[in-house]
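J.: Chain by chain, the residues run as shown.
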Amino acid sequence: MGQLRAEIGLEIKPEFCTQCGKCSSGCPAARLLDIRPRKIVLMAYLGMEDEVLRSGWLWMCSDCLACEERCPYQVGPYSIIMALRELYAEKGLRLPSYYGPLASSLLKTGFSQAPIRVRTREFKRVDRESLGLQPPRGPMDMKRFSENLKAVLGGVRA
Amino acid sequence: MRFLFFPGCTAQAEQYAYELSARRVLPELGVELVDLPEANCCGYPIKAVSPMAWAYLAGRVLAIAERERLDLLVLCNGCHLSFYELKWAIKQDRGLLEKLNELLSREGLELKGEVRVLHVLEVLHDLVGVKAIQRAVKKSLDGLRLSAHYGCHLIRPSTLPRPDDPEDPRKLEELIRALGASTLDYPARLDCCGSGLAAFHGREAIKMAGWKLSSIRETGSDGLVVLCPFCMKMLDGKQAIARRLLGRDVEVPVLYYTQLLGLAMGFKPRELGLHLNLSPVEKLLSGMGVSM
Amino acid sequence: MSGGGSKSVLVIGGGIAGIQAALDLANRGLRVYLVERQPSIGGRMAQLDKTFPTMDCAICILAPKMIECDRHPNIELLTNAEVKAVEGSAGDFRVRVLIRPRYVDPDRCTGCGVCTERCPIEVPDEFNMGLGPRKAIYIPFPQAVPRLALIDDRYCVRCGLCERVCEAGAIDFSQKPEELELHAGAIVVATGFSLSDASVVGEYGYGRYENVLTALEFERLICASGPTRGELLRPSDGKKLKRIAFIQCVGSRSLRPGHKPYCSSVCCMYATKEAILVKEHDPDVDVVIFYTDLRAFGKGFQRLVEKAREEYGVKYIRAKPSEVREDPATGDLLIWYEDTFTSEVVEKRFDLVILCPALVPSETNRELAKTLGLEVDEHGFFRAADPLISPTDTHVPGIFVCGFCSGPKDISECVYQASCAAERAMEVVLGAGR
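Protein chains in written order, with numbering that gives the first Met the number 0: chain A, 0 to 157; chain B, 0 to 291; chain C, 0 to 433.
Don't read these hints as lab results, they were simulated from the structure. All residues carry an ideal CB built from backbone N, CA and C; glycine is no exception. Check the hints yourself; a few may be wrong.
Derived contacts from chain A toward chain C, CB cut-off under 7 Å, selection only [to be verified]:
1) Ala29
2) Arg69
3) Tyr72
Across the chosen pairs, the derived CB separations fall in these ranges [what the hints assert, rightly or not]:
4) Val122(C) <-> Arg144(B): 28 to 36 Å
5) Leu41(A) <-> Leu245(B): 29 to 37 Å
6) Lys306(C) <-> Arg53(A): 39 to 47 Å
7) Val122(C) <-> Arg1(B): 49 to 57 Å
Bound-form chain A, shown alone (with noise of 0.2 Å):
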């Protein structure tokens, strides 16, 4: 039977799973795309989590919850697919193009993403500044931060 654990955070129990079906009945990306979590559970459950990380499916969760909230045995659908997500990871395979200058942003400035300008309905550009708000304010020791971070960082490639 398949080893995922989740390292940190809530519980995964592949193993109580029924296939009822009730996390894929309410997952809003079901309605979209392929992914259904009551197969990823069963998946992860025999094993199969290869199959799982080349499917793209990891990627299709919205991360509502629904699956995680009303699971008749708390098997934690949403957090299985967490940890595939860390799996994936791990194993050096090529993440979504969205970690790269999150992981940047996260080492340079402490948040994932640097203030930008935006406009008004009178499509006009204003920034934190122009709107009267602070800079905002990073780590003060930015170089033990970001060593700190950079030695959890994992996977990910900033």
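We have chain A already, so just place chains B and C on it with the hints.
T.: What follows is chains B and C alone, placed relative to chain A:
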């Protein structure tokens, strides 16, 4: 009441209206917002692919709050869940807490995990209270029929402490009614805004937002009230694209509760950042006899 | 056991199990006290329209037994009554029973029902699961045994209209609770079950949406003696039903807080039964049963399921909805589901959604257990001495359990167990016969 103000990356970097309106209205209701001397991302965006990075980032914010000896007030549903999940994780796993403190000690920080993290919804509903908000209303929203969007991370998973009920949350609607407006139910009320999918499948994410807006439009609602900057990005910001993708009109005025509250308290729309909303908020404003 | 003690047996609970046990005991010449909390015997079976798998009319097969209990010279019916205290041991139990006042003289009341017509106070009818009204003075249901009126003191305003119209002069506002002390050689407990609160499964909207009902509420709806006289009309607007969904395992087979982990045993079959009843009423109604496992394990059960599917066109879909949503404009219900056989994810609209909730022991079980010194399991069911080889014995000599109160089971199983418990009680009372 004093809280360390943690707007979160999205509000801080682009959803300026949430911060503007929160900074305006909260002090008027007795909630003092103290700026954090330093902060960082709550870690939620990176959590799935690197749980340890998440734990470090979330733990670092909590450690800073503990150093400043004040509880945190957050604007974003994702941040709130992130911090609560970390508090829970370090209780379950002492080894994790040790690892985090080993890292944090290099920055002169220490994490205990006891600091409280309150979402602005909780502060307004549970601490300030509906009655105090009613008293602060200068311009009643009587006649307006509004819809509420709670957002997934605010109410799930209910195995962790969440600000409202997962299947029948009430607090936002109670706060809306406190301003004199009435509230409308709609079938897609608990549906996800799609923002979690936006980075990977943008079109489908926007369709999800569009379906939600459509469901709201069908009730004849005057506007949608939200609590989270991610949700706002989708529901307020993607209406034109949603319309194209779904082939039907999904126009609905969308605004933050703090903006709505500010309007009822007599603040001017620009003070509340309403000129930054991308959805047709003028319709809502004219319903109140107010112009931008 | 010597036969020296009391030759009476106390049966607690007047549903099908209690009735069967009482009749078996009485027919052997023993004196039986049948104590029932409700004002009439009959229990849950009296609320059913038909029974599975035979599709018999429930009250038609139950009423003769109820009447036999009433007429039997050896059975004393104590309805509207509760066991308050028990002392002693096998062969010699001393039992204190509290009889709540009916405010109606049983020797005078003819059960004519005129009082119920005149009473000005309307309240929800528990027999019809709150779907219809009854009066403050009422006869529980048409086939009630005993067929006597009673006044619900919570609602009566003492206007005296009933007193004025009663030709038998049976109204008696001076009645007080009565305490009886009984002697019994053995006790048989048959306190039955209730439905769990389906609103615990908040995602299905029970209690929030008018057109989401429990199966027992629906049973009353479809029953000719029910609030709509058996017409398939839905609660919110009386619209004729055309699209019905059943959802199985609501709050059962679930580890979530407030839910029950066990299977309630009868729901797959009663949903099949109700689905067939709907189709018999109107073959054009679209009926869907959303299930995870179809538990049709008894004799004739699978055949009934096949009949429902093949002959009546009941749709069985292996899917478990995540949420039931209401369209506020119409009161219709919307359900997204994944058909687990095809992996298709679709949304369907229904006029009515019927939930099959976890079935739980009566609320009074835990207190009764304390009174009798019985053990209950973590779900409140009475614990048998051994579930396999002594299923009706308890850890207290002389006290026996039968029926749903010791675990989920269907009507035929309740009847077997009741006769078993009666036989065990007889051994105590009549002696070992050696």
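J.: Find the hints from earlier in the document that the structure breaks and name them by number, from lowest to highest.
T.: none
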